[in-house]
Amino acid sequence: MKDLLTKINNTATQKYGAQYAEARAQKLYKTMLTLKEERVEAAKQGIENGVALRVLVNGAWGFASVGSFDSAILEGAVSDACRMAKLASERLKTPIKLADAKVVNDRVISKPKKNPSDIQMEDKIKTALAVNKTSLGFDKRIKSCSIDYLDLTGSSFFVNSEGTCVEQDKLYVWARITASAVNEGVFTFSREEIGSTTGYELFDEQNPESLGVKVAKRAIEQLNAKSPKGGKFPVVLGPNVVGVFVHEAFGHLAEADLALSGGVLASNFGKKIGSDLVTFYDDGTIEGAFGAFKYDDEGVASHKTLLIKDGVVTGLMHNRETAQKFNAEPTGNARAEDFRVEPIIRMRCTYMAPRDQTFEELIEDVKSGYYFKSFRGGQANLDGTFQVGIQEGYEIVNGEIGAPVRNASISGNTLETLHHVSGVGKDFLLDPGRCGKGQTAFISDGGPHIKINEVVVGGSA
Amino acid sequence: MAVLEKNTMISLAENAVNAALKKGAQEAEAYVYEGQATNIGIELGQISKTNRIIDRGLGIRVVANKAIGFAYTNIVDDAKAVESAVSSALSAAKASKPDPDWNGLPQKKPYSSTEKTFDQKIVALSSEDLVNIASTMLDAAGQVDKRVFPIEGGVGSAYISNAIANSNGITGFDRGTVIECSLATLAKEGGSVTPVCFEFNAARNYNLDPVWVGKEAAKLAVSALKTKSVETKSGKVILTQFALQDLLSYTLVNAIRADSVQRDQSPFKGKIGEKVASENLTIYDDGLFAGGLRTSVFDGEGVPHQKTAVIEKGVLRNFLYDNYSAKKEGKESTGNASRAGYLSTPSIDTTNFHIMPGNKTSDEMLSEVDDGLIVYYLQGAHSSNPVSGEFSVVATPAWKIKNGKITHCSRGVMLAGNIFELLKNVSVVGSNERQMGSMIAPWIEVENVRVIGK
Chain V
1 MKDLLTKINN TATQKYGAQY AEARAQKLYK TMLTLKEERV EAAKQGIENG
51 VALRVLVNGA WGFASVGSFD SAILEGAVSD ACRMAKLASE RLKTPIKLAD
101 AKVVNDRVIS KPKKNPSDIQ MEDKIKTALA VNKTSLGFDK RIKSCSIDYL
151 DLTGSSFFVN SEGTCVEQDK LYVWARITAS AVNEGVFTFS REEIGSTTGY
201 ELFDEQNPES LGVKVAKRAI EQLNAKSPKG GKFPVVLGPN VVGVFVHEAF
251 GHLAEADLAL SGGVLASNFG KKIGSDLVTF YDDGTIEGAF GAFKYDDEGV
301 ASHKTLLIKD GVVTGLMHNR ETAQKFNAEP TGNARAEDFR VEPIIRMRCT
351 YMAPRDQTFE ELIEDVKSGY YFKSFRGGQA NLDGTFQVGI QEGYEIVNGE
401 IGAPVRNASI SGNTLETLHH VSGVGKDFLL DPGRCGKGQT AFISDGGPHI
451 KINEVVVGGS A
Chain R
1 MAVLEKNTMI SLAENAVNAA LKKGAQEAEA YVYEGQATNI GIELGQISKT
51 NRIIDRGLGI RVVANKAIGF AYTNIVDDAK AVESAVSSAL SAAKASKPDP
101 DWNGLPQKKP YSSTEKTFDQ KIVALSSEDL VNIASTMLDA AGQVDKRVFP
151 IEGGVGSAYI SNAIANSNGI TGFDRGTVIE CSLATLAKEG GSVTPVCFEF
201 NAARNYNLDP VWVGKEAAKL AVSALKTKSV ETKSGKVILT QFALQDLLSY
251 TLVNAIRADS VQRDQSPFKG KIGEKVASEN LTIYDDGLFA GGLRTSVFDG
301 EGVPHQKTAV IEKGVLRNFL YDNYSAKKEG KESTGNASRA GYLSTPSIDT
351 TNFHIMPGNK TSDEMLSEVD DGLIVYYLQG AHSSNPVSGE FSVVATPAWK
401 IKNGKITHCS RGVMLAGNIF ELLKNVSVVG SNERQMGSMI APWIEVENVR
451 VIGK
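Line order of the protein sequences matches chains V and R. FYI, the numbering used here numbers position 84 of the first sequence as 84, with every residue one higher than the one before it. FYI, the numbering used here numbers position 63 of the second sequence as 63, with every residue one higher than the one before it.
The shape of chain V in the complex, shown without the other chains (with noise of 0.2 Å):
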C-alpha cells in the first residue's frame, strides 16, 4: 500500500507540479445492529475500500475520492485533482500555505482486551436484546425502545509527498439507546449513548442490564415533570450538559477555520472571556476516549490542546493551514470521516478541567434554579450564540433538588456566559458523542458539575 499512494504522491508532485500532496487509504469493516422492541430489524455488515487523494498546486486544493485501490485508477483521479486545483487556483488572492509538519513514520496498533471482529453476531444481539428487555421491561408505560449499535474495525493509511507515512488500526464500538413513554397524553423520550476507542470489553464495564435501567427510569420520571418557566435563572450543569456545552458554544468557535470565517475568538485571542474557574482543553491523547487517536488525517500527532485558561483565551485548534495563518503549531485536529471527504477541523476530546467544589456547595445557595443533568442536542452560531436542549433536568428551590422539568432548553452568548461561572466542581466525567460538521466525527466531551449565576432558559410555561 505505501508504495502504492508513494507512487501516486510522486505522480501529482513530478508530473503535475503539485507543491505538496497526500494519498489516504482505507480499509474498513463495520458491523451494525437496529433493534426495536425486541426485534432484530437488521443486522448488518460491510465493507468500505478507497483511497482520498488531496493536492495543493499552486496554493489551491485539489481533492479526489474513489473507492479503488487500482493504479490505473488512482492515476486518473490524481489528475483531476492536479487540474482542478489549477483552475481553481487561477482566482486566488490567497494563496494556502501548510505549516510545516515533522515527518513521522510509525504504525499505531490497537491492543483490544476484547476485538469486536472476533465477537459473533449472535453475541452482539444477545447484548443488544439484553439493554432492550430490560427497558421494556422496566416499567408497562415504556412504549418503545431502539438500540443502534456499530463497531468499526480495520486500517488507515496516510503518506505524503514530505516522506510521512502513518499505518494506523481503527477501532471504534458505539450504541445508542432510546426509549420513549405514554401516559395519558404525554409522551416522553430519553436517550443514552456509550462508545469506545478501546474494544467490545466496553459492555463489560457498562453493563447492558443497567443502560437499560437508566434510559427507561428518565423517560418514566419525565412523565411527571412539569414545563420550566422561562426567563433567566441560576442553573447547574451536570458534566453531560457542561459536555456539550464545552463543545457547542465554546468548542466550535475555537477551531481555526470558524475564528478565521469571522467567529467570535478571532478578535478575543489573549483576552479574558470568561470567569477566573474557567479552564478548557481539547485533549485527542486520552487512551480509550471515544474521541481520542494518535495521528490525525494530515499525519500530525495528535496533542492535548489548552483552549482557555483561567478565563483567558490561549489556544485554538487548527490544521496545516490554519496554524501556517497563525503562525502557530499543527495541533492534530485534521480529521475526515472516510475515505470519501476531505479532512477538516474537528475536535477530540474537549472538556472543563475541575476544581475544588462538592456538589452540595453548588447547589446549595441557589434559590430559585434549575439542576440540568443530561443534554438532548445543542447547537452554536459563529456570533456566540448557543442552545442546549435537556432531557433530564429538575427545579432546585431553596438550595435543595426539587421536581423533575422536562423539555427545557439553556441559550445565550458564550462570551457573556462564561463570566457567569461561579462554581465548577471536583469530580469529572468523559462522555462519548457524535459531532455533525458536514461529516460526523465521533468525539468525547465533559468535565465536572458546574453552577452558572445566570442563563435564560426556554420553556414552553
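Derived by calculation from the structure, the hints in this document are not laboratory data. Accuracy of the hints is not assured; some may be wrong.
[As the list claims (entries may be wrong)] Here are the simulated distance ranges between beta carbons:
no.	chain 1	residue 1	chain 2	residue 2	range
1	R	D363	V	L429	26 to 36 Å
2	R	E231	V	K102	53 to 63 Å
3	V	V312	R	A290	51 to 61 Å
[Said to hold, decoys possible] When the alpha-carbon atoms are kept at most 25 Å apart in a straight line, the in silico BS3-like pairs for lysine-lysine are as follows:
no.	chain 1	residue 1	chain 2	residue 2
4	V	K30	R	K80
5	V	K27	R	K80
6	V	K114	V	K133
7	V	K36	R	K275
8	V	K143	R	K328
9	V	K143	R	K80
10	V	K133	V	K7
11	V	K229	R	K80
12	V	K86	R	K121
13	R	K22	R	K97
14	R	K313	R	K275
15	V	K36	R	K424
[Unchecked claim] One-sided excerpt, in silico: chain R residues whose CB lies under 7 Å from chain V:
no.	residue
16	L21
17	K22
18	V178
19	E447
The beta carbon of each residue, even a glycine, is placed where N, CA and C say it ideally should be.
Position chain R relative to chain V; hints supplied.
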C-alpha cells in the same frame, strides 16, 4: 471514470439476488448505487478548494427463516467482493432472530415516469463552468456591502443512479442530476458579528441564479447588523422555509411515519380523519413532483413512488409506509422506503414533503402583520422532543415586524411551544413556495407562539 450503464447496474443487482437465492436465502433484494460529484468550494471569501468524488456500491438484503441480514460493499467491479457481501448478508441473517411480522419483500408494480429529474447539461458542465458560477456568486455578494464577509459556500453538480432487483421479479433503474450553489455570509461592524446567514439554489435541471444567491445571502447579513431586543410575550411569527423545515423535520415528519405510529411514538395514532391542524394547511408527500429534489421512479425497495395526501385542510389523511409497516396493517406501501445509498437498509422517510401554497405573496403577508416576528434560521430544533413535539429553539436571528414593516433584527430570541399546537395556529399560508431538501413549502404565519426576548 465513466458512469456505470443501466444494463451493468441492473445485472449487478440481479446477479447478487440470484447468488443469494443459490446460497439458501428465501428472499433477496439488491440495491446498486453510483454517485459522481464535482464541487467547487469557497472558503474565507475565495475559491480555494475543489473535489471530485466517485462513490459506488451494492447493498444486499436477504431473508432466511424470517430473519433479515444485510451487507454492503463498495467494490462492485470484482465479482468475488460481491459474492462475499452476499455471504456476509446470509451469515448476518442466520445470526439474527426471526421476525414473526416479516411478510415478504414487495411485489412488482408498474412504474410511472418522472419529469425534470435528469439534465444532460448538468452532466456536460466542465469544472471551468462551475468555477465561473462560484465566482459570479461571490462577486454578487461582494457588491452588496463592504461589511459582508462570505465565509463558505460553493457550487456542486452531481450525477446519481441506482438500480434495484428483488426475488419477486422487481427490477428498476433510475438516474438523475442535481446542481446547487450556496453561500454563507456574515457581516461585521466594529466588534459586532452577525449570525451566519445563508442562501442557496438547488435544482434537478440546469436552472441556477448565482447572482440572486450571492445578493440575498449578503443582504440578510447586513440587515442583521443593527439589533434591538424584543419583549417576552406570545404573538404572531412568520416562519420562512428554513425555519419551517427545521421545526417539522424532527417532529411532524416523525409523527406521520407509520413505524412511529405502530410503536406508540406518534401523537397522531388513531387520528386518521380527524382535524389535527389549521384548515389552511394541506400537505402531500409527492415522490413524483416534477423536478423535485427527492423525485425518482421508485423508492428504496423498488416500490413505485406516488403522491400521498398527508393532511388535507387540516384533516389527517394518511401515514407514510414502507413495505414492512404496510404489510403489518394489511396495507400497501406508499413508496416511502428511503436509503442512504448502498450503505443502509431502507427506512421510512418523506419524499418531497409538499406544503401546499396559499394565495398571499410574501409582501402581503408582511404588510398585514401589526406586531410580530419573521424568523429565517433556527438553532436547536434537533433538540425538540421528537415524540411530544415540544420545542425550545433560538432564532438566529429574528426580525421584528411592526405595522406591516420589518423594523429591526433581534438576536438570542427564543421560541418555545409544541409543534402540534403550532400546526393548529397556522393563520396564513403564503404563495411563495420553494424547495428545500425534502420539503417544498411557502412561508407560513403562526399565531400565539411563545417568544422569550432577551
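Tested hints:
no. : hint                        : in the structure
1   : R:D363 x V:L429: 26 to 36 Å : violated, 53 Å
2   : R:E231 x V:K102: 53 to 63 Å : holds, 57 Å
3   : V:V312 x R:A290: 51 to 61 Å : holds, 58 Å
4   : V:K30 x R:K80               : holds, 18 Å
5   : V:K27 x R:K80               : holds, 16 Å
6   : V:K114 x V:K133             : holds, 24 Å
7   : V:K36 x R:K275              : violated, 30 Å
8   : V:K143 x R:K328             : holds, 18 Å
9   : V:K143 x R:K80              : violated, 44 Å
10  : V:K133 x V:K7               : violated, 53 Å
11  : V:K229 x R:K80              : violated, 62 Å
12  : V:K86 x R:K121              : holds, 24 Å
13  : R:K22 x R:K97               : holds, 21 Å
14  : R:K313 x R:K275             : holds, 8 Å
15  : V:K36 x R:K424              : violated, 32 Å
16  : L21                         : violated, 19 Å
17  : K22                         : violated, 19 Å
18  : V178                        : violated, 17 Å
19  : E447                        : violated, 15 Å
Going down the numbered hints, you'll see the structure goes against 1, 7, 9, 10, 11, 15, 16, 17, 18, 19, while the others check out.
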